[in-house]
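Trainee: Going line by line, the protein sequences match chains F and Z.
If you read the first sequence in the numbering used here, its first letter stands for residue 1, the second for the next number, and so on.
If you read the second sequence in the numbering used here, its first letter stands for residue 1, the second for the next number, and so on.
Among these hints, one or two may not hold up.
As the list claims (entries may be wrong) - Quick list of in silico lysine to any residue cross-link-like pairs, SDA-like style, CA-CA up to 20 Å: (1) K254(F) / A274(Z); (2) K246(Z) / A79(F); (3) K254(F) / D111(F); (4) K52(F) / V272(Z).
Stated by the list, open to error - Derived coverage of chain F by chain Z (criterion: at least 3 residues anywhere in the stretch with Cβ under 8 Å from a Cβ of chain Z; other residues may be distant): (5) 28-39; (6) 140-153.
To be clear, the hints were calculated from the coordinates, so they are not data collected in a lab.
Note that the structure is predicted; figures quoted are calculated from it, not measured.
Heads up, the beta-carbon is just placed ideally off N, CA and C, and yes, glycines get one too.
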Amino acid sequence: MKAGEIIDRIKKNLGAPWRDATYRDTYKTGGPDTEVTGIATTCFVTLDVIRKASAAGLNMIIPHEDTFWSDRDDQAIVADDALYKAKIALLTKHNIVVFRIHDHMHVQRPDFTYVGSARAIGLDPKHENPPGSHRYVIPETTLGALAADVQRRCGARALRVVGDPKARVSRVRLGVGYASPPINPPDIDVLISGEQQESDGTFDSQPYALDAATLGLAKGIILLGHTISEEAGMLEMAQWIEGFVPEIPVQLVKAEEPLWGAAGQ
Amino acid sequence: MRVMYTRDPMTQLSRREFTILAAAASAAPFALDRPVAAAATARELLDRITAQIGVPWKADTVDGLKAGEPATVVTGIVTTAMATMAVLQQAVQTGANVVISSQPTFYARADARTPPAPRGPGGGPPGGPPPTPPAAAAPDDPVFTAKNAFIDQHKLVIVRLSDHWRLREPDPLAVGLAQAMGWTMHQVSGDPRRYDVPAVTVDALVAAIAKKLRASGGIRVVGEAKTSVRRIGLLPGSTPIQASLKMLPEVDAIVAGEVREWESVEYARDQVAAGHKKALILVGRVLSEDPGMQLCADWLKTVIPGLPVRHIAVGDPYWRPAR
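Same shape as in the complex, but just chain Z (with noise of 0.2 Å):
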């Protein structure tokens, strides 16, 4: 059973209110201060996690156990944007058996390790009529039946890590993305996703950021090519328009992970027409949170010292024909 707690992670008398509290209310008590040995299990971890994340764990959350044994003993762990087939595959090559993963691990936010029933052939578009319920019990599907066996045989556990790791502050995704590209230094005071960069054209800005994060074609843009920026925006993961409304009017270019086209891309694309010299990069939503979970690897050593950690890249799941 989760432990569920408010905390400020300041100060160690909350910290020991905590233990106590988790203590008495944990099934299994568990001391948070003494060192780990190296039979540590998934959920030490797990439970370490929750007291030391630094926010509120949610009643309501994507996070948590996603597939394994919470009393696995953890060789090793490997954080990354998503479990995909090749990451579980190098994290086992590197003796790991904890996968930590900011995005799903089954292919949808509920991440059931079962496949989705079939739709039925009326499957409606938004705004059209329902669509028709399930034509069929869900039929074996090869992709959920591989990877199922792959975490079963290598005994892997995996957890997702998203909903508290993006409301850390300073938000570790942005800054993540900001080390990736060596904009550290020009953090605009205070604002993790703010950056005042050398006067840069948008088609070398986008060319540094396809090296930097090893895009393979995944990288989208609107705005002239030859438009000089200097103030840029980040907006890793997923956003709505509200926060391209908030940010492009005070900065040169946004760099963003995904956007829904409707919104922030036309947004983008009036604000060019109306003459503003702006810029909006997408470079897809995992791309663009890699960063962040390689800071979650850093993290992660000193919640649980003496364990192996490391973060393994989904890199870009998209690709371009030449043209």
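So here's chain F without its partners, still in its complex pose (with noise of 0.2 Å):
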């Protein structure tokens, strides 16, 4: 089966128009002629993942970030770089197709980067109000007990927190990647995400966070890390294609965290 055939049906399935307009949902190498042998869903096409997924004769990868380290997976930034260079070899080398799906997932319905976090972190979906929203009325807990639960769950080794630990919190807002939510509307106690920008942005949720702690204001910000925060769900895009592609073994090919935490004072 050819890339472009799965591509097809990828469209055809989505439930939504596809955008041609997008410069992120394309292929990054290869092209629809590859012929593919099976499919990896990752978060991101690292060299780990490339030789995973080539040693489960897998070839084509579908991630849903960037392989060229920026957005626009922008080739002509990184040209003269020794390791890009390898990249390109080792991919070539095991004749990879790279198709991401980003803009795609997140208009599909359900999302399935929300739902694979949801999952990942221990959001019960009974607690959705209303479904489909990402908001959360959960049993009233501390700050400090939700964030260790959360740790605990999905194994971030570098998860970050903003705010009281002791702060009474049950109202949660789940945000993934870096489409985090603004904690400051009222009626969110707790913001949780992937990757937010600290400062100097449209709304710096981390600093109005710290100065609603001082006033002793019950809001607080989980930050799991943009692949914890939506790797999760590359399972269930690896189960939704499989659904319309059961020719070929399709799997995810977890990327994993790529960061460690040092302990604090």
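Got two chains here, separate frames each, mind docking them using the hints?
Mentor: Shown next as structure tokens:
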């Protein structure tokens, strides 16, 4: 089966119109004519993911995120980089075709990134109100206990928290990746998301939560890291693709959390 | 009205030219060379900073007055990486009424004293459908309200100094971070961002950074804990992939403030996976910039002699549950 046939089936099954204007959801290496032996979904096309996919007999990689270290996969800025050349050589050696699915994954309903993230950190669908809102009302707990529970469930080594560990919280807003909703609305106690610029953006949730804590207000942010936040849902993505591409193996090949955390004082 | 000018800071001639230009152009002329009396105003402080920062003042900049009255008589100056509530409280306790902040005070680059209007329910992710228009006018926000009330009550003046401070040479944020780490003697000639330190394992280096910068858990690392590193590169603040592409191949470890995970974190991960003995240590944006704002306090003492100036650190905004 050729890669182009798989992409056609993805577009047909998406449940939303394909937007050709996307610069993200395109081929990064290989093309529609590449013969595919199997499909790996992942968060990032790391060197390790390429090796693992290839070892498993999979030569099509469908990542949620970029391959060449920038959102646009701008190969001009890395053209002279030795690591870029090595990565291209590895992709070529294993005849890998990479097609990113980002924008259309977030347009799809449900958005598997939210489904996977909620599952990974233990947010119960029955607490989501209304369904699909990414807003959860959980039994009241403390920010410290919630963060410890989330950390234990998802295994994140580099998770970070802002806010008073003793703050009483129950209204959770889930974000994914870099698309973190702001923490300031009065009906949100805790934001759980992947990655969020620390300051100088359109709204800086960490400084806001820091000041809220100083003022004694119950606001907290739990940052899982980009990969922990969005990779879980690539399992659902693999299962979805498998449903309409039954001819070849489809599986999640995890990029895994790239970061580890240092103990504080 | 802000005076726009370009100037070579090294020559007295250009300073005299500037003074003449400033006197001619400004609605409120001032004399740069007179000793500062106890009655210096925030406006005079701002004008002196503008005149002496050493780089042309930008027309389009985040720097400048963010809160307070320019006519306020300065009682003391505090520099900080971020004018948080805690920093403002400490500033007041020390008798200061002017705060010079590297990062925004009001939780956005726009740095407005009013909260943003809430987004509608369909606020879209990048690449998704456009966010729906604001659902309603901004409600009363307790954090904005309390911070504004504190600023007004204590008649504080808050100035952002970021764009221009980091353009100074040598890079004061890098110099400050190196000083905080005790690496100044190890500087690679002529480069404030490069230090060759005695060989150290990544985990020992991270522990030293956590101790010196008083990290409470915000530090994150790419690389093997037992990799030995010697060549250190500094990227304080927030930096794009281009900075890591240039620096990481030439060093063993980068100590950075904040990067985008899909850029530099993944690049560093692939470097390690390719067999290179590299590490990327992320300390956080604010934690990485506070040492440079200590240098800003030292500099301000020369800009406006006779006024008390001190630095107050924000501290690590983050913590991590015990494992």
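Trainee: Confirm or reject each hint.
Mentor: Evaluation of the provided hints:
Under the criterion of a C-alpha separation no larger than 20 Å, the hint pairing K254(F) with A274(Z) is consistent with the structure, at around 18 Å. This hinted pair checks out: K246(Z) and A79(F) have alpha carbons roughly 12 Å apart, not beyond 20 Å. Restraint check for K254(F) and D111(F): satisfied, since their Cα atoms lie roughly 19 Å apart, inside the 20 Å limit. At most 20 Å may separate the alpha-carbon atoms for a hinted pair to count; K52(F) and V272(Z) meet this at roughly 16 Å.
Counting residues of the segment 28-39 of chain F whose C-beta lies closer than 8 Å to any C-beta of chain Z gives 0; at least three are required, and the coverage claim is violated. Coverage of the segment 140-153 of chain F by chain Z holds in this model, with 4 residues showing a Cβ closer than 8 Å to a Cβ of that chain against a need of three.
Comparing the model with each numbered hint stated earlier shows that hint 5 is the single one that does not hold.
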